[in-house]
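Visitor: Protein chains in written order, with this note's numbering: chain H, 1 to 262; chain A, 263 to 527; chain Z, 528 to 798.
Keep in mind that the hints are not guaranteed to be accurate.
[To be verified] DMTMM-like mimics (lysine to aspartate or glutamate), calculated; alpha carbons at most 20 angstroms apart, straight line:
#1 Lys283(A) - Asp272(A)
#2 Lys366(A) - Glu711(Z)
#3 Lys353(A) - Asp391(A)
#4 Lys366(A) - Asp414(A)
#5 Lys353(A) - Glu786(Z)
#6 Lys382(A) - Glu438(A)
#7 Lys366(A) - Glu696(Z)
#8 Lys353(A) - Glu711(Z)
#9 Lys353(A) - Glu696(Z)
#10 Lys549(Z) - Asp107(H)
#11 Lys549(Z) - Asp100(H)
#12 Lys632(Z) - Asp100(H)
#13 Lys353(A) - Asp691(Z)
[Stated by the list, open to error] If you want the footprint, here are the derived chain H segments under chain Z, 3+ residues with CB under 8 angstroms:
#14 112 to 126
#15 228 to 236
Keep in mind the hints are simulated off the structure, nothing from the lab. Heads up, the beta-carbon is just placed ideally off N, CA and C, and yes, glycines get one too.
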Amino acid sequence: MNGQALPLKESMLLGLLSLLLFLGLWTVLTVSGIVPRQFLPTPLEVASRFFQLLTSPFAGATLPTHLAASFKRYAYGVLLAAAVGVPLGLLMGWFRLLDDIVTPIFDGLRFIAPIAWVPFAALWFGTGIGGPIMIIFAGAFPPCLINAYRGARFVEPRLIEAAKMLGTNDTRMIMEVLLPAAVPSIIAGLRVSAGLGWQSLVGAELIVAAAGVGFMMVQAQGSVQTATVMTGMIAIGIVGMIIDVLLRQGEGWLRRRRGLEA
Amino acid sequence: MGSISFSHVDKIFGPQGSGVKALDNINLDIADREFVAIVGPSGCGKTTCLRMVAGFEAASAGEVKVNGKTVTAPGPDRAVVFQQFALFPWKTVRENIDLGLRNKNLPLAERDGLISSALKLMSLESHADAFPHQLSGGMQQRVAIARAYVLDPEVLLMDEPFGALDAQTRVVMQEELVRLARRNPRTVLFITHAVEEAVYLADRVAIMTRRPGRIKEVLDIRSIREAEGWDRHPKIEDVMDLESFVHLRTHIWKTLREEKDFQHV
Amino acid sequence: MLKALAGGLFLGLAPGRKPAIKVATLAALIGLWFLLTTVTGAVTGGRFPSPAEFWTSLVQINTRGYAGAGLVSHALHSVKLVAMGFLVAIATGVPLGLWMGWSRKVEALVNPVFLIIRPIPPLAWIPLAILWLGLGDAAKIMVIWFSAFVPSVINAFTGVRNIDRPVIEAARMLGTPRWRLISEVIAPAASPMIFTGLRLSLQASWTTLVAAELVGALVGVGFVLNMAQQDIYPGMILVGMLTVGLLGWGTTVLLGMAERRALAWNIAARD
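In isolation and in its complexed conformation, chain H is listed as follows (with noise of 0.2 angstroms):
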C-alpha cells in the first residue's frame, strides 16, 4: 500500500513506544487521582493481585485452581462440538438428503446467540460442569459443522469424478476423498471454534457456575476488587492466546506436511 513494508528495526520501535504510552497513560491516569483507584488500580497493583492469586485463594479457590476447572469444561464442550460437527458435516457434504433436512434447522438455530441457550442448559444440565458444557458447545458447534460442510461439498469435483471411476463407495469416498480433502478448512473451522467456544466459557461462568474464572470474577464484581476482576481478563486473555498459538502451530505443521503454504 502506502510504500513498503517498515524496517523491522523502526517498527520494533515504534511498537514499544505505543506500549508504553499505554502504560504510561494507564498509570497517569490512576497515580493522579483522576481516574479513582477503586474503579482503576494502577498497573503495578493488577500485576501484584494477579501473583497473589496464583497462591492465595478468592471465591474458594486460587486462580489456576479456577483456571483448572474453567479449561475442563471448555475442553468437554469443544471436544464434544468437534466429535459431532465435523462428522455431521462431512456427511452433509456427501449425502443430499440430509444435507436438505439438516440446512433449514440448523439455519434457523443459527441466529440464537449461543448464550441464550444458558437457561436451558441450566434447566436440563445443571449449572455445575453439565450447563456449561452445554454453553460452549452451542458456541463451537457452527465452525466445526460449518467448515467440515464447505470442505467436503466444495471438493474439487475432478477428484470425486476420479474416485467414482475408480468405483469408490460412500464410506470410502468420505473417509478417503472427502476428509481428507477437507482437512484445512476443518482445522480452519476448529480455530474459529475454539476461540468462539473461549468465549462463551466466559460468558456461561459469568451467568451460571460455582466455579471458574468467570465465577470469580464476577465475584470480586460484587465486592467491588476492581483488580480482581481485572486479574480475571488478563488470565482469561493469556490462555486464550495460548489455545490460539497452540491451534496455529498445529495447523502450520498439518499444512506444510501436506505441502500447501502455511
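Let chain H serve as the given structure and place chains A and Z on it in line with the hints.
Guide: Coordinates of chains A and Z only, in the frame set by chain H:
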C-alpha cells in the same frame, strides 16, 4: 512536447549491496510522438522500465526523464494502460473516464465534451453507464485506453495492454490502436512479449534480454514500414504476410534466441 | 480460506435446493415437538414447554407483561442498545482499520496494544463494565462497542491491504488527490471486506448484549431470559430465545439489504 529518456539506468531490487540487479545500464531516447515498443522475455525488466517512467519505481542509478524533467512521482501527464485494465469496478465507464478529468479540476461542461469524444473514439457510446464487470475484456481495455487518452497526456505508457485478451480481440485492438496512433500521434512506450505485436505497432522496437535486463538492439521499423507501404493494408494478417515484416520478425526472434537462458524455454 | 469461512458463517450453507424438503423438515419438527410434549408426555413441561405452554407464555408477556414490561418494549430496548453499540463500534473501528491498512506506521503503532487487548473475549469485559458504569445502558453499550470494534478494525484493515496494486496505481497516475483517493478508491475497494466485518460485528453485538443482560439488567430480552430461568419457566425461556433469534435474523437481513445497495457493483461482478 513528450520525450522520454533513459540514461545509464540501473535498477536493483532488494537490499542495497545484496539485491538482484534487474536492469543494467539502460539507455533509450524516445522522441516526441514516437511509438516505441520494448520486447523481451518475461522477467527481463521491461515492465520495470515502464513503471519507472510512470513514477511507480525509482531508478537505483542513472536518470529517467520526461520532457527533460526527472521523474519523481506518478501523474496524469504520463497516463498508464495496465495489463489487468485496473478499472475501478465501483465506477461506471463514464465515471472511470471522468476521474482523471475531475482531478484536473476541469469544469463540468468541458469534462462532458471530452468524455463524449473519448467514448466515441473508442466506440463505447452505448456502454457509458455500464459497470466494468458488464463488459468483455476487450471493451474493458477500451475503457482503460479512453481513460488514458482523455487526459491528453504527454506520454502514453502501455504495459502489455492486450496480454489479457483472447487472440481475436487482441487483433482487433491492435488494428484499432494503429488507426488511433496514426490519426492522433502520441509519444507511446509499449511493453510486450509478443514479437509480431511490437513490429506491427511500433516506430522502433527495443529488444531486451534478461539477467540482468539490457537493451540488446534497437530496430527502426518506421522507415521500413513507410518504404514498404504497410499502412496501405488495413488488415494485420496482410501486413504479417509481407516479406519485410517476416524478415524483421525473424531477425528479432533470432536475436532473442541467441540468449543462452532463452533457449531452454 | 478466512474469506470462505466468513462467507459460510453468514450465508449459511448452500442455498436450500428443495423448498419441499425444507417445509417437510420444519413440519416434522413441529410434529415431533407436539408428540413428545403433549401426546406421549415423554418430555415433561419442567424440561421443555409444550406448544400450548409456549403459546400461553407468549400471550402472557404480550398482554400482562413479564419481567416488568411487554415483549415489544423488551425487544425494542435490546435493539436500541445493539444499534448504539454497533454504530459506535463501526464509526470508530472502520476508520481506524482503514488508516492502519493505509499507513504502515499507524499499523506498527496500534498493533501491539491491539495484540494485548484482542485475546480477551468481549464477554470478559462485562464485570468491569458493570463496575465502571453500573447495570444501566451505558455498560452494555460499552461492551457491545468492544465486541463489535475488533472485527470492524480487522476487516477494514485487511480490505485495504488486499486492494489490487494496479487499482491504486491507476488512481495515482490519474493524479487523484489524497482525500479523493480515500473516499473514491480505498474505501470502495475495501468495502466488501468492511461489510464482512460488519456482519461479524453485528453477530458479536447480539451475543454480547444477551450475555450482558443475563448478567445484570432491568429490561431487555436477556433480562426476560434471566427472569424465566430464575422462575423455572420453560415456556417463557423459549419465548425469550425465539425473540433473540428473530431479532438477530431481522438485523442481519437489514444489514444484508444495506450491503446489497452499497455493493451492487461487487455482487453483480461475483455472480
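Visitor: Give me the numbers of the hints this structure contradicts, sorted from smallest to largest.
Guide: As far as the earlier hints go, only 12 is violated by this structure.
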